[in-house]
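Engineer: Top line first, the protein sequences correspond to chains R and X. Number 222 in the working numbering belongs to position 222 of the first sequence; there are no gaps in the numbering. Number 21 in the working numbering belongs to position 21 of the second sequence; there are no gaps in the numbering.
In short, the hints are calculated from the structure, not lab data. The reader is advised that the hints may include incorrect statements.
Mimicking DSS-like on lysine-lysine, the simulated pairs with C-alpha atoms at most 25 Å apart in a straight line are [said to hold, decoys possible]:
1. Lys223/R / Lys122/R
2. Lys93/R / Lys178/R
3. Lys178/R / Lys51/R
4. Lys151/R / Lys17/R
5. Lys242/R / Lys151/R
6. Lys242/R / Lys93/R
7. Lys17/R / Lys242/R
8. Lys417/X / Lys58/R
9. Lys95/R / Lys250/R
10. Lys197/X / Lys137/X
11. Lys226/R / Lys242/R
12. Lys226/R / Lys250/R
13. Lys249/R / Lys298/R
14. Lys197/X / Lys69/X
15. Lys182/R / Lys422/X
16. Lys197/X / Lys59/X
17. Lys178/R / Lys422/X
18. Lys59/X / Lys182/R
19. Lys178/R / Lys417/X
20. Lys58/R / Lys122/R
21. Lys69/X / Lys51/R
22. Lys35/X / Lys272/X
23. Lys182/R / Lys399/X
24. Lys51/R / Lys272/X
Here the structure is a predicted model, which means the values were calculated and not measured.
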Amino acid sequence: MSKNNSKTRSPLFHIVKRDPMTWYGALGVRIFAIAAALLLSAVVIMLLAQKNPLEFYKAIIDGAFGSVDRIWILAQNLVMLLCVSLAVTPAFKMKFWNIGAEGQVLVGGLATATVMMFFGDKMSLPLLIVVMTLASITAGIIWALLPAISKALWNTNETLFTLMMNYIAIQLVAFFLKRFVKSGSGVLEPMHEYGLPVIADMPYLLNIIIVAVLTIIVYIYLKYSKQGYEISVVGESENTAKYIGINVKKVIVRTLIISGAICGIAGLLLVGGTNHTISTTTVGGRGFTAIMVSWLAKFNPFVMVLTSFLIVFLERGAEQVSSQFRIPSSISDIITGIILFFIIGCEFFLQYKIVFSKHRKEND
Amino acid sequence: MKKFNKVLALTLALVLVVASFAACGGKAEKEEVTKLGLSESPLAAPEITKDYEIKEDFKIGFICLHDDKSTYDLNFINAINSVQDALGLTDEQVIIKTNIPEGSECYEAAKDLANQGCNIIFANSFGHESYMIQAAKEFPEIEFCHATGTKAHTEGLDNFHNAFASIYQGRYLAGIVAGLKLNEMIADGTITADKAKMGYVGAYTYAEVISGYTSFYLGAKSVCPSVTMEVQFTGEWYNVTEEKNAAEALISRGCVLISQHADSMGAPGACKAANVPNVSYNGDTYDACPNTFLVSSAINWAPYFNYIIACENNGEEIATDWCGGIDEGSVVLSGINQDIVAEGTMAAIEEAITGFKTGTLRVFDTETFTVKKKPLDTYMANVDDTDADNSPDTEAIHKDGYFNESAERSAPYFDVKIDGIKLLNEKF
């Protein structure tokens with residue numbers, strides 16, 4: 001009986017890969033997704049928070065752009081997220097699942113903080129900055145290199161390895177704070193006198209310039225250099241890479257050195273440029289958010305500017321919303337989640353379409 | 001065949017639902033009969049009185065480390081709400097920013113509040129202090145107030161202020177409740193007097209925590225002389241798992257009563273599971289743990305908020321260091337859990353409160369404890385945070401024979417390791 005049944009039944013729908021969409025078609029799908037997301041979040045806001053959705057959206061925009069200072073903060077957060085995203089991109093393009101950017105940035109920051117603390121009063125500022133930069137980049141490289149070498153030599157699982165390295169980095173920072181903060185409070189006083197220079201009285205400008213330059217470099221490296229091409233080939237198929245004579249192990253190690261170095265720079269900017277101190281939460285989850293930024297942009301550094309903007313914009317807006325309406329930050333998180341869900345979901349519909357079965361009725 | 005399966009599944013599901021309802025119903029009825037529940041609080045938050053006019057354009061901004069999921073921040077947020085209601089301030093006049101980390105984000109938040117026109121800006125976490133000072137220098141016309149900080153008295157800024165409360169008195173009172181419970185266990189033969197060991201889950205090996213657990217211990221010792229205590233540190237202010245693990249470790253080491261100075265439900269939860277009495281902090285956990293919760297002490301921030309708002313609107317100076325006590329209503333206790341506390345607990349608490357009010361009772365009375373088997377006649381405390389190596393700088397023993405806590409600055413500086421308390425891990 002059951003055998004007979006399965007023969008005559010066809011599924012309600014099936015999923016088919018679609019031909020590439022026209023650019024306006026793709027844009028249309030994305031606009032529709034965002035509109036649907038806004039509509040659904042409006043419903044959520046009205047039901048859960050009993051607020052006027054228009055006021056809610058106004059608050060989001062106000063939180064991101066409401067004053068000159070807020071625009072600066074938005075830009076600063078954008079470039080820091082972008083910097084970490086640039087770091088993970090070469091590895092992801094190679095299909096090396098580096099989820100250890102959080103730790104790689106943190107050890108970079110730790111190296112910077114250590115140099116500031118112990119050599120700050122022993123060196124001239126220019127020399128100090130050189131040492132800070134070298135230390136943070138080296139630390140970032142070491143943190144990325146350990147899983148890369150293990151992967152290249154023994155084919156270890158890089159996802160687990162890089163993840164575990166995050167916890168070691170966090171514990172190292174906790175140890176550093178315990179050992180060197182004399183009051184025992186675990187709070188390191190900011191060392192404002194040592195650190196990266198401030199350009200024209202605008203504290204975040206240097207970070208913005210550095211990351212902008214990095215974005216261009218990474219774009220050119222991935223798109224036009226031979227090494228960038230090797231990364232794509234290894235990512236598409238390791239066997240093809242081997243067949244055409246690419247040394248896969250070498251590419252893995254080299255790419256992770258680049259990844260780690262950029263993470264080190266991010267740590268340098270966060271600790272030496274912005275915070276002048278370090279805590280276990282200095283990176284603030286950017287190492288993980290960066291993965292989404294990078295994937296959403298399909299590893300294109302210029303598109304990553306947009307995707308970082310989207311995420312930082314929502315974050316800053318959500319902060320304002322929860323402050324202004326006195327609602328728990330979890331409701332803002334739900335809204336951010338809904339919007340991201342629709343945006344990521346629409347990428348699916350750009351590549352596949354749903355075909356409903358025409359013969360279903362007859363068979364029933 | 002298929003239809004039959006469906007019917008079967010439905011029936012089974014229905015049976016399960018009905019059965020579980022029945023089970024729940026029976027249990028609830030049984031409990032209602034025997035529970036006495038929480039008593040009235042012996043030291044409740046006083047009503048907020050407003051004897052001044054508030055300017056129409058007055059605004060106050062608050063910076064909180066986490067949001068209401070952390071008991072520490074919830075305690076602040078509740079105080080903010082109660083003051084706002086009592087003073088009739090609008091939501092536009094009281095701006096709360098939550099989840100502000102202890103980094104440049106705090107400076108950014110303070111600046112943002114300044115741009116929104118706040119007259120007073122308050123931050124609630126220790127690590128916010130440097131960033132508040134940074135903002136205070138930039139906005140000299142705005143008052144910056146900071147809870148638990150240590151730098152106002154040495155920084156020399158007119159518009160930067162520290163605040164705390166003499167919470168060590170509250171913990172001492174909670175300690176009395178614990179000590180009496182131990183006495184009850186000794187009396188009914190559950191434990192012998194030498195096994196009266198308490199456990200304490202602390203965040204950091206830091207004066208605020210040391211002052212807290214020592215006062216709790218001394219409160220217990222004042223009624224149960226044989227008591228000892230073991231302290232396990234977690235190295236974090238909020239970590240459910242670590243706090244739970246620490247409490248479980250203490251229980252397995254033979255601690256028969258647990259208290260904590262950390263912000264999650266980790267320790268109370270572990271006590272509930274092991275059925276070990278628990279003294280909470282920052283608000284009662286009775287609803288979650290009705291069979292193990294004894295009492296909780298907390299700082300009530302409402303009097304301080306009322307004070308700074310009054311100062312600002314009356315054009316008066318805000319004190320550089322403000323340490324609220326029992327008289328100000330800054331130290332409060334929850335109700336006691338009448339189902340499990342020992343007999344006579346309420347009377348003992350009330351007697352101690354009177355002692356504090358009249359000045360006859362001192363928490364850190366040097367006659368009640370020893371350090372390395374010797375009385376503490378003299379002690380140089382580290383009060384001024386200006387020196388890089390945190391060297392001791394101020395004599396803290398009062399001539400009348402007690403450690404003069406929170407007199408030289410609002411934040412606690414009692415960091416003496418006294419006999420009877422064993423630190424299990426000093427790594428933090």
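Engineer: Next, verify each hint and record whether it holds.
Structural biologist: Evaluated hints:
no.	hint	verdict
1	Lys223/R / Lys122/R	violated (43 Å)
2	Lys93/R / Lys178/R	violated (38 Å)
3	Lys178/R / Lys51/R	violated (45 Å)
4	Lys151/R / Lys17/R	violated (33 Å)
5	Lys242/R / Lys151/R	holds (16 Å)
6	Lys242/R / Lys93/R	holds (17 Å)
7	Lys17/R / Lys242/R	violated (29 Å)
8	Lys417/X / Lys58/R	violated (55 Å)
9	Lys95/R / Lys250/R	holds (15 Å)
10	Lys197/X / Lys137/X	violated (49 Å)
11	Lys226/R / Lys242/R	holds (16 Å)
12	Lys226/R / Lys250/R	holds (14 Å)
13	Lys249/R / Lys298/R	holds (24 Å)
14	Lys197/X / Lys69/X	violated (31 Å)
15	Lys182/R / Lys422/X	holds (21 Å)
16	Lys197/X / Lys59/X	violated (49 Å)
17	Lys178/R / Lys422/X	holds (20 Å)
18	Lys59/X / Lys182/R	violated (37 Å)
19	Lys178/R / Lys417/X	holds (18 Å)
20	Lys58/R / Lys122/R	violated (51 Å)
21	Lys69/X / Lys51/R	holds (22 Å)
22	Lys35/X / Lys272/X	holds (16 Å)
23	Lys182/R / Lys399/X	violated (29 Å)
24	Lys51/R / Lys272/X	violated (39 Å)
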